[in-house]
Structure formats: structure tokens, C-alpha cells
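Student: Residues per chain are reported as follows:
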Amino acid sequence: MDFSTIRNLISRYCAGEENWVDSRTVYIGHKVPPPGTEAYIPQRYPDNRIVSSKYTFWNFIPKNLFEQFRRIANFYFLIIFLVQLIIDTPTSPITSGLPLFFVITVTAIKQGYEDWLRHKADNAINQCPVHVVQHGKVVRKQSRKLQVGDVVLVKEDETFPCDLILLSTSRDDGTCFVTTASLDGESSHKTYYAVQDTKAFNTEEEVDTIQATIECEQPQPDLYKFVGRINIYLDRDEPIARPLGSENLLLRGATLKNTEYIYAVAIYTGMETKMALNYQSKSQKRSAVEKSMNAYLIVYLCILISKALINTVFKYVWQADPNRDEPWYNQKTETERQRHILIRAFTDFLAFMVLFNYIIPVSMYVTVEMQKFLGSYFISWDDEMFDEELGEGALVNTSDLNEELGQVEYVFTDKTGTLTENNMEFIECCVDGHVYVPHAICNGQIMSGASSIDMIDSSPSAEGKEHEELFFRALCLCHTVQVKEEETVDGIKRGIHQGKATSFYISSSPDEVALVEGMKRLGFTYLRLKDNHMEILNREDEIERFELLEVLNFDSVRRRMSVIVRSNSGELYLFCKGADSSIFPRVISGKVDQVRARVEHNAVEGLRTLCVAYKRLSREEYEQVCHLLSSAKLALQDRDKKLAEAYDVIERDFILLGATAVEDRLQDKAADTIESLHKAGMKVWVLTGDKMETAAATCYASKLFRRNTQILELTTKRTEEQSLHDVLFDLSRTVLRQHGSMTRDTFSGLSSDFQDYGLIIDGATLSAVMKPAQEGSGTGGNYKEIFLEICRNCSAVLCCRMAPLQKAQIVKLIKASKEHPITLAIGDGANDVSMILEAHVGIGIMGKEGRQAARNSDYAIPKFKHLKKMLLVHGHYYYIRISELVQYFFYKNVCFIFPQFLYQFFCGFSQQPLYDTAYLTLYNISFTSLPILLYSLIEQHINMDILKRDPSLYRDIAKNSLLQWPIFVYWTFLGVFDAVVFFFGAFFLFDNTTFTSNGQLMATNTQMMFGNWTFGTLVFTVLVFTVTLKLALDTHYWTWINHFVIWGSLLFYVIFSLLWGGIIWPFLNYQRMYYVFMQMLASGPAWLSIILLIMVSLLPDVVKKVLCRALWPTTTERIQNADKLYKGHLSEFTPLSSLHAPPVHGRGHNEGQNHTHRRTNWCCLCANLFLRNTP
Amino acid sequence: MASGYNAKEEDGHRAGAAGPGESASRSRKPDNTAFKQQRLPAWQPILTAGTVLPAFFIIGLIFIPIGIGLYVTSNNIREFEIDYTGTDPSSPCYNCSQTYSWNSTTLCTCTLTFSLNQPFEGNVFMYYGLSNFYQNHRRYVKSRDDSQLNGDLSSLKSPSKECEPYHTNEKPIAPCGAIANSMFNDTLELFYIDPNETRTPIPLMKKGIAWWTDKHVKFRNPGGSNANLTAVFQGTTKPVNWRKPVYELDSDPENNGFINEDLIVWMRTAALPTFRKLYRIIQKKNNMTPTLPRGNYTLEVTYNYPVHSFEGRKRMILSTISWMGGKNPFLGIAYMTVGSICFVLGVVLLFIHHKYGNRNNSSDIPS
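Residue numbers (UniProt numbering), protein chains in the order written: chain A, 1 to 1175; chain B, 1 to 367.
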């Protein structure tokens, strides 16, 4: 950012209104227009550089350090380290400085590397060559040097380097085709237009002669809005002004298709392009576990501070007696004596803090990070999530959210491409009630066969024959499909007529392509549009030519499109195809009832249906039509409205021909996955841009709505009849009435005795609901609440006609509702990106519509079905693992530090550490770190197959259940109890008895006393063994790795202690640990008390576990027990539902309920057995 | 924790022959190994009442006898303790404790009589005990220089900073630091009084009371074992509170200087403010006569060590030992208690297992 831009910014924001320029004037090719036309206001624009990196080379170290120390934990350890450096503390600064340094360095290296990659990507984009027209020649320039006003040449399949106004194209009509897949996810080709007056300038020399200015608004992020004006100075002085709209604006990120080249002028560059303005910076997502962890951290910080405070206060109370403060045997130095009492008290407080600081372990953060990072590999390694077709498995983009996968309550899914394959296929058509099915399709390959049509009904009559032909022609003509001929590798030009299944049809609507291809299979092949004539190859291999006269384009209000053609014989036809609801009212003859029946039948099956109708036009009628259309098109005001009126007049009095059915097939196992998610207690919402009927059909097919689901509609259709207010209250009353009578039985998940609701809402209604408080009515603001209340009671919600941003809005709405549920968004297209970024967990499907979603997601999977394993197995495991990790870490540090706290009461509050420095440092780093890390990587409390088979187990961990406060308090108290056992166990052995050892190893004639270091070592030994064995008791899945790590780290502790005390280490200035450990082991009572104390510490936890399991088992525990009973063969055929806790109902009908419950299980089992026995 | 190994076979179907055309996708396919698929063979134990039951009974059965054994052994140990602080005016040491000052040149002695009701057999260990003496105070614990005590000559001349304020007294102090400075310096002597009123001194061994490793490795006199200590310690001064320099602690060269065992024992700081340290050993004479027969004894104390100022107490303890060390009823009782708790819990669990165990495990699964 150079100085002038800063000045520009400052002047923009500070200088007040008069300097604010709300429009910009761009001089095409930087040519100043004829003088005197207008005042020249120079404006400065940013260059076309895109910056996504966070650091530069210079600010990396300070900025990164600042970012890192903003994390509460890092800051805390930094403070501890500084305190240790400044004041005289019981432990050396190395003990906390070294781990901190390690953590900071590793993180900095990781972030630095990531930023370097971003720099590289930025550079690649910024330096990619762009063709710019300068002085009538095409010059290559680096993309970042592009400036506003430059005329750019873009060739086919190139991406636009900045926001451009189209000047001219290689096509005569001044149109070009563009896909905006990477912007809004629509992969279809869109047509953009050049201004009529510039479209002729289509060579570089000509373009260079254009003298024009563009006036337009300053950049704004809305992709679809653009207002501008172009002033073209031709020979005359008076410029021609033409309006510019979004149809003239080519956006950065979009790609030119099907057009050889275009010339366009840059108007918004760099960070001012609409894409950059839309770029949502990926805010860091934090998991619920991390939030709990931070809450615990605060609790422990309070404990720590109160501990230090208590000790400081006690110290000064105790020291009030000078003989205690400074007995003759333990004098202070002169400087210590002279220090002010407040300073002394404060340093004492800090020293206590340092002494107890290990209660918040730096290693926990490292372990959690490592667990997440390493653990995420299991997702990408998973064989079952590998898709053979794509050749790719799951991808992990953020490992921070692994455990969040086990906490999902709301699933927001896209429909097209996520639930469905996004692969349209022509299924059948129906002409006058006769059904035609293109001949058998086997795995997508057309079987070669003599007959090309399978007729289901008897052959039609003569009149039917005519209709049949018309129908096929209608479908071949009434579309906007373009034909793209491509050269094959061999260099042979291959047309469509060669009968190959090719993808040469291109259209903005995949349905149309499916229809045209379906027609091809039925014998009518659309060849091309040539000289305004459409060519069709009919069944007799003859080419028929139709002159295309008018196209009445599709729009979503009319929901139909029409073409007017003239056949060879001079007859004029109007063909129309559209949704049944928009065709039927306009039909005057034809076999409406048969067709309608077929259409409804198909719609129920989840097929996308279209109706086809036609009418013949006489010459006079055609003249009239032409007149209507041209007058509407030329209108300067309300053009759209006038066009719609014209269409309405033209498109009526049809003769119905028939209907078509196209299938967008559901993805493999999509229904099964949705059912599992439902059983796991998740609410599944489908958010789609599709229309309601299709979406609803898909929802039925994917079992989101079941047959007995009562559908509540909240659509424009209803709100037209009633006010939104009334509809909402109606619905909420319906839902709540049911809710009131229903027992809170949602947890069994299997009883279907209560009505479940499905809600359908469309985009328009949604935006009305979301609108903040309407003026006038006071209740306006409450709509959101009511809406949420309704949604909460619906098992499934379908939102159709959603704009991408609305998807994100919905996710945000649910996220912000008062339970703060964890949300997951899954989608495949770029239009799902906003939702993916917004949700707690974003999952991208590596779909057909590019990689935008997958790249922006936290996890990417090949298919929707993989979501099941992702959540039910991986999510569940990660949650179990990390929650144990967090709880255990706090537990083991309470065990570690609490004895040290107690010891202060017996050493005159002098901050004397109980353990040796080496033990203090290594406890968290090496003695107890690996077992919990490995546990948190490979623990499986239940078999994977059972988790997959019984989704309701997911409910056992819902709502962060393993990190709730009661459990946290239990662990803390367990830690305190164990610490008390360690300390007072050792205390009583040392205090009133001669706890002694044999001084000369292996001889029995002397008896020595132990000192304070032996005391500490004894406590520490018990501590290490207890916490490790506690983890061993919690481990349900003992692989050789667990054995190796658990027993290995205990062995390591023993070996280390032997070594540490075995020699006099030359670099240490003290030898207090010399032979202490060996002497302790040489003492019989030490062995006996170690064993005893370990037993006593573990006993309560074991008893608690056993009792809870026996008396109040959770579903998980029941299944574990049963699994045990069947020696791991449970997963094969036992009905798992039988193991669920019987629902807790009112006392009265409990018995009966149980009875029926058991009976169904019997049936289940019988069925299972039966299935097994039949071959 | 009984359970079987649920060794799942590593999924065998490795999608064997991959065609040459697939090689590109094959490389991205995750390996189908047991580890990567999280299907390592594993032992899956579950703590249920049924599996824990036997463990509880076994622990109970093992712990209770151990406890009884420990308790009996501990009770067989003879221990005698006498407080000679002299806070009570009637105590023989009252005068010494009141008139004490560091600078007095005359030694104050006092004599206490006591009687042992039971004979002490085997080796008898004589301890001194101090209470309210914070040897574990941080300032105290670190106030030493281990390399000086290890015979390092440079440290001898310039002791560690940690020794402040017992670092230098014009000349460097050897041994430096608060611990050494406050070494216990009462002299205790024991006499047996025959029924015919003759006093026989009881021989007290002053060697063999420190850890072997301390005496032979950790503590060394500077200049090797045969050096002339007086010469070696030239240029250093005695600790402030000591009467004699370190090289005059004992006449025995094997027990003089830094390797004086009384010093070594003192230098091992106690864990708690009430502690005892081994002082002397009374070796058994033969198997026929007890080491200390029952009867009257006198303890002669050369009262040097002031504890009055910090309300400390001084004790002399005589004790025999067993295989498990000194008198230690706590361990035995603890073992017995834990053993019985386990046993009771076992019974409770047995009851629970029978009442609830079946319901949970099998009632709903008829097979």
C-alpha cells in the first residue's frame, strides 16, 4: 500500500462529505475524451493485486508473537516465565521456559509455512499474464499491473482478471458465455452482452479507437447489482449514452466459455473487485470442547490464585512470631530483611503462583494440538470414505474441529449435488397419456438394439401419431441448448449425429440437456443452430430445418419458455414447455387428465416434470405477436413488466402435447444416511435453490419426510392468502399442541408414536420472517422466535428457493438461538460456501461443480453417504477421546500439584517444592504424556460397526455431555482425593514412625532416616503410577500400542529415576537426588506403602464405575456389556435397540410400554434369525 | 477384568490386482492396514461388577494377612522415647536450657534417668528427635553447597551463593550454609545402672549411621582421603555456630571433616518439622544376653543445642528394628482397613451383580 492510497483513504473517510465520490469515471484505454465535455476528476484506484496472506517478511515475528500471546494459555505461561526470571522462585525458569519456547516456535513455523504458501498462491495469481490492448497492440502484462481503464483481451476458458465491462466479443451479436461457478456456484453458462454501439469493435486496432468513458458506482459487494453508463464519443461531439447493467459486467473469477475472445475494459481492480469484497475471511472456528477447556482453565486459574493467596496469608500469619519467621538456624540475608513487607508479600504470592503453576499444564495444549493433528489422519486414511470413482478419500482442511463432528445437532444440507447426483437423466415422456421410455439404459450405456423406443402402451392412433411427432419436435426445438463441437484427440471432427453419447450440448439448465439427449435416444437429434435455423435429424435420418423466429426466455415467475418457429413448409408453431402448474391453466385441448395423472405420478416419485404444449399461429397472429414483443422490448421503462404482459398474451390457448420426466438421482445411500442422522438425534434441514415441488419430492425420496410426516407449509402461496403473522401463529399452535401432549420421549429415538412434522419454507417467506421488526406492527420482531420455535419441533425442515446468502442466514439464525446448537453444513457448490463457512462444521462434497466448497470446507468428503461414518464413528470417537484427554489432563495435574500445596502447611509456607526439578519438568512432558496422547488417538469404547449400526448411541454424547460441570467436578474431586491420599499416606509413614531404609544396600545392620527428597520421590512415584493406572482403567481398547506406551512410560519413569539418582551429574550444582530413589526401593515399607496408596487412590473410581454401570447404565454401557456377552459377535445380528434404556414414562403405563417394547424386539430378532437362515 | 481377545482379522481384501490404468488413483487410495483403519486387534476389557468381584476378594484376602503381619511385627518392636528439652522446671535439663548461650565456654551437662521395662534385643538404634524444627524450609534446604561437600577445592574457597548468609565470615566458611551451621551438637551418652548401682557406659557406634553412598561418594574431603585435613582447610573458617572447625569433628580420620557421619546425617534435611535422626548404634553383644537388658539407665546430655527460642523439643529414642524397619503401626492398620473394605465391597458387588447384573446383560436378549 503506497502512500497515496493511504492519503486517498484518509481523505475519503476524514475529509467529510464533499470529497466523497460515489461514482467513478473510467476512461477506456486511458484516453481523455474530447476536451470541454466534462470536468476531469482524477481518481486513484488500487492496482490489481490480491492479498490473502497475513504476514509480510518484516512483520512476521512481531505480529506472529503478538497473535500467539493473545491466546490466554500462552500469555499465562509467558507471565509465569517472566516471573521466574525476575524473582527468586522455587523452580528454575527453564522448567517453564523450555516448553513455552518449544510450543511458540513450532506454532510459528507452522503458521509461517502456511503464510508462505498463501504468498506463493497470491504471487501466482498476481503474476499470471493478462493481455492488454495498448496502442492498437496486444501486450502481455502481469495481472497485478492491470489498471482501471485498461482494455483487456480475454480468450476462451480464461478467467477474468478483474471486473470488466464487456465491449465486444468474437461473436457477431456481441454476446459471450460465462460460467460463474467459482463465484456463486452456478455452473451453467450465462450470457453477457456488449453494448450495441461497441460490439463492432472486435479487433485490437478497432478497440483502440474507441473513445468512451464509463460512469459507474463505486464497488459494492452485491454480485448481481451494477448500475453504470457508457458515453461513447463517435465522430460527432455529442456522446451517445448507453445504460450499463449487470448483464454487461464480467466479474473477476468467472470464466469465459464457448466464446473465442472478448474485449473488455477494467473498472474494478484488485481488492475492489466484487469477488474480493465478497471474500469472507475465514474466521477461526473454535470447537465446543475448546470452549469448555477455556472455562475449565479459568476455574483452575481461580483455584491457582486462591491457593497462592491462601498460602501467602497463612505464611504471614504463621510468621508473625519472629522465631518462626527467622529462627536462629535459618537466618535471612541482609537484603531480604530490608525489603518492604508489601514487596515481600507480593513476591511470595508470585512464588506460590510459580510453584503451583503446573496445575495448568502447557503440555495440555500441545497434546490437544497433536491429538487433533494426528487424529485427523484417521479420517483421511479411512478406506470406507474413499471413493473409487473419484479416486479420492476424505480430506481434512482443519483439524481443530474433529470432536465437533461428534456434537452436531443440526445438519444443513444442500440438495443438488449433495443429496442428489446432479446428473439429470431423461426417464420417460408421455404423449397424450401414452408413456414412452427410451430403451433400456444399463449403467449409463445405451444398449444397442433395433428398436429405439419402448412403448408401454399400445401404439397410438393416427392423430396420436401426429401429436407424437410434434411432441418430439417441440422438445428438440424449445430450448436454449447450444451445440459445441469439439475436436477429439485424434483430430477428427465428430458431430453429434455420429450417434456417440457426447457431452456436446451445453445449456444453462441441465434439465434441457437431459431432455435434448433423451430426444436423441428417442430418435430426434438436435444438430445445431445455423443461420437462425434449427436443424433436426429425425427418425428417418432426414434433416429438418426450422427457422427460429422468437425465443420467449424462461423465467422463474412464468416458469415456462416458448419458441416460435417456422417449419420448412411455412407453418408457424409456438412450442411451450414449463411447469405443470403454469401450463395446465393455459391449455384448451388435449388429453389433460391422462397427462396430469402421469405428471402427478412422476412428481411423487421424485422426478422433475415438465409439460409441453403447442399452438399453431396464423400469419396474422404472428404479426401481432411480433408487434407485441418488439414494442415491449423497446420500452425504456418497466421493460420487464411489459414483456411479462406480452408473454402472458402470447402464451395461451395451447394444445397439450404431453409431459416429460427427468430424474436427478439420489446419491447412493442418501436415504439411509439421513435416516441414521435422524436416529442419532440430529435435525436435518435441506436448503436448496430448487423449486418446492422437486425439493419436496427429493425429501420424500431421501426419507427426510416420511409418509406419516405432517407437512407444514410456510410459503408465498400461503402467505398470500393469510398474513404471515397468522400463518406463523397457526403453525406454532399446531406444533405446540402436539408437543404438549407428547411425552418427552425423544431419547429412545425409535418410538414413532408421536407425530413428526416437516416444515417447508421458501426464500421469500424466509426473508419476510427474518426481516427485523416491521414498521407499524409491534409483533414483527417476534417472528424469528416463533419461527425458531416451530423449527425446533420439526424433525425436518426444507427451505427451497434459497439464495446463497440466505443459506448462511439460516445457519446463523439457528446458531444464535438460545440453545446454541452445534451446526453442520454440507454442500458441494460454491453457493454453499457461505453456509459452510458460517456453520460450526463445514463439510464440502467433492462434487461436479468444482472444488470451491471442498476448498472452503473444514472437511471434504467424496459423497454424502460418507457423512454417516464421519459423524457417527469418527465424530463420536474424537469426542470421547478429547473429552477424556481434557478431563484427564486436569485430573492428573490436580494430583500432581495438590500434594505440593498441602506440603506448604508443613514447611512453614516457604514455597519448598515437594518434588525435584527434574520431576516437576518431566511429569507432564514425558512421564504421563504419551499414554494419554495415544489413548486419545486410538481409544474405541465401542466397536466401530456397532456405532455405525446404532446411530442412537450418538445421543449419549450429545450436548457436550462428557464435559459438563458435574463430570468436571467429579474428576477434580477425584484428583483432590488422590492427592490427599498420596500426601497423607506418605505423611503418616514419615511422621510418627521410623520410616527407614537400609543404608547399605542389601545388608541389614543399619537403619537410616529419609529426608525431604525421599518423601517427595515417594509421593511422586505413587502419583505417576496412580495416574497412569487410572488411564489404564479407562482404556477400553488395548492394542499393543497402548500396552507399549502405558507400561513403557512407567518403566521409563523407573529407569529415569534410577539414572537420575544413579550418578552425580556434573552440570548440576546440587546432588539432592543422589541415590534417593534406590534407597527408597531398598526399603520394604516403601514398597508396601506404594502399593497400598495406589490401591486406595484407584479404589473409589473403580467402585464408582462398577456401581454406575450396574445400577444406572447408559445405552453405551449396555451395549458394551452385551458385546462382552457375545464375545464381539454382537454386531452381527443382535437387535441393538433392545439394549436401549427403557424410556422413562409416567409411572402408570410404564409396564405396558415395556411389554410392547420387548415384544417388538422379539419380532426383530425373529426376523433377523429368519433372514440369516434363508440362503 | 476378564475378557477375551477380540482379535479382528486385518481386513484381508486388499483389492488385489490393480490394473495398470488404475495406478494413478491407486496411489491416493489409503492403505488398508489395520492401524490406519483403526482396526488393530485389541483386548477390550470392561469393568463390570462381575469382573471386578474376584479382584476385590483377592485384594481383601491378600491385604488383611499382610496388615496383620505388619501390625504384629510392628508391635514386637521395642521403642523407648525420652524428652530432654528441659522446659519444665522440674526437669534436670531446665538449667541448661535456660542459661544457654552460644558464646559460653563451659559445657552444660545434665543427666536423666529412665528405666526400660522390657529388654531390647538385637541391634538397638539410638536417635535424637527434634520437633518444630523446620529443616524443610526452602531457605534452609537450599542453603548448602554440594560441590564443596564433595571435596571440590574451588568450591571450598568460594562457596555457592546459595549459602548466604552463611557464606563467608571474613574467610569462606567450610562447610557453608545454614544446614551445616545449625548442625546438631548435643552429646548423648548412655549408662546402664546395675542393680548394685554401678554405672557401666554402653558402647555407642558412631559409624555406619549414614547412607553408604553419601559417606563414600557424595561427601568427600577435599584433597583426597589421606590428605592432612588441617592443611587442606587452611584459608577457610568454621561455621559461625560451631565450636570446632570441621577437621576436628572426630579423631578418627575415617570420620572426620566432611565425611563425619553426624554431619552427613544432619545434612540430609528432614521432610517434616518433627523428625528424628539416627545418632548411634548399640550393637548386640551375642545371642544370649539382650543388648539392653531391662533395668535403669541414665542419659548424660551435653546440652549445646538451643531449641527453646522456637519452642522446639529434643528427644532421645531407642528402638529395635524388624525386617520392615522401625515401629510402624500405621502401615499394618492401613493394610487391614483397605483389605476389609475391599472384602466388604466385594460382598456388596456380589449382591448387586446378582440383583442387577442379569437384568442388564441378558434379559432383553433371549438367545
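Hints should not be assumed to be uniformly reliable.
[What the hints assert, rightly or not] Chain A is nowhere near these chain B residues, computed Cβ spacing over 10 Å in every case:
hint, residue
1, Ile66
2, Ile193
3, Asp214
4, Ala227
5, Asn304
[Unchecked claim] With a Cα cut of at most 20 Å, we get these calculated EDC-like pairs of lysine to aspartate or glutamate:
hint, chain 1, residue 1, chain 2, residue 2
6, B, Lys142, A, Asp88
7, A, Lys332, B, Asp31
8, B, Lys161, A, Glu336
9, B, Lys29, A, Asp387
10, B, Lys142, A, Asp325
11, A, Lys784, A, Glu693
12, B, Lys29, A, Asp383
13, B, Lys29, A, Asp726
14, B, Lys142, A, Asp348
Hints were generated in silico from the structure; no laboratory data involved.
Glycine is no exception: its CB is placed at the ideal position from the N, C-alpha and C atoms.
Student: Report the numbers of all earlier hints that the structure fails to satisfy, in ascending order.
Tutor: 1, 3, 7, 11 and 13
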